[in-house]
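Chains as they are written, first to last, in numbering that gives the first Met the number 0: chain A, 0 to 155; chain B, 0 to 155.
Calculated directly from the structure, the hints in this document are not laboratory data. Heads up, some of the hints might be wrong.
Copies of the same chain look alike in the list, so a pair counts if it fits in one copy or across any two.
[To be verified] Straight line, CA to CA, 25 angstroms or less: simulated PhoX-like cross-link-like pairs of lysine-lysine:
{"#": "1", "residue 1": "53", "residue 2": "26"}
{"#": "2", "residue 1": "76", "residue 2": "53"}
{"#": "3", "residue 1": "53", "residue 2": "91"}
{"#": "4", "residue 1": "76", "residue 2": "26"}
{"#": "5", "residue 1": "91", "residue 2": "26"}
From a predicted model like this one, the values you see are computed outputs, not experimental measurements.
Number of protein chains: 2
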Amino acid sequence: MAALKQVPLIVLLGLALVSGRAWPQQKLDDRAQAAIDETVAVYCAAWGEPDAAKRRQMLQRVWAPEGTYMDPISQTKGVDGLVERINGFQSKLPGGQIVPSSRVDVHHNVLRFAWRLVGPDGAILNEGMDFATLAADGRLQSVVGFFGPVRTPGVR
Amino acid sequence: MAALKQVPLIVLLGLALVSGRAWPQQKLDDRAQAAIDETVAVYCAAWGEPDAAKRRQMLQRVWAPEGTYMDPISQTKGVDGLVERINGFQSKLPGGQIVPSSRVDVHHNVLRFAWRLVGPDGAILNEGMDFATLAADGRLQSVVGFFGPVRTPGVR
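Please model the complete structure; the sequences and the hints are all you need to start from.
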């Protein structure tokens, strides 16, 4: 392991993602964490972008070409599918935003983060959590969203 | 959709799982939810089962043959891999238990639940959250665990 100490963690992350091999969890260095934070920030901002052309540009940066999206009420694939999914969201709640509300926890090629659904007047309308996998190039390969807080056992 | 109203939700869930097709979220009926709750309960109880043979029997009920497991410090596959992973856990913390601390949220073939790591003296040592996918037969096809609470942005 001594030789590995000379290799920046972001390179190790890249190698692990490309090779698909297991690697022991190591705290991401600041650059690696910042890159993933930025990916999530752009992804969330795309949900609040009313202009479909701008939204597509944003998603092309952070969404894998065959990336899959699923939440309790929808399922789609690819940048075009997600652009369209967000059209539906913006039609229902014009000016709505998805705002990350936690740090992005990452290990291997998976991550989770919490978010809030914020109305155009700034009111917090809901919360949720996304679980995602990263493609080899660091873009989002899959996102699965859950709405609402985790619930106490026995309460419907 | 009128005809679908006659079909129990558990059948729809089964069809959706088998076919792998998208379907709009519908609240699971009590039987479907109870079946998934039971799967998660047995899975969690297996983490606290010190006898490897009993643990294997428990996991065979709820873990798909090629099911994959990943958490921040490990990655493994299959019932045998998970039996071994839990050996490591029980060696480090004899009598440790993983106790579900939320309802199981399910949509499509994915779920999340929160849990607590409880020591042999009943002390809560950590919390975490698992995201999972279900195989067509309702057993766990993949579990990805995250340790600790979600963290406030900007705090390491």
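- Failing hints, ascending? Per hint list: single violation, 1.
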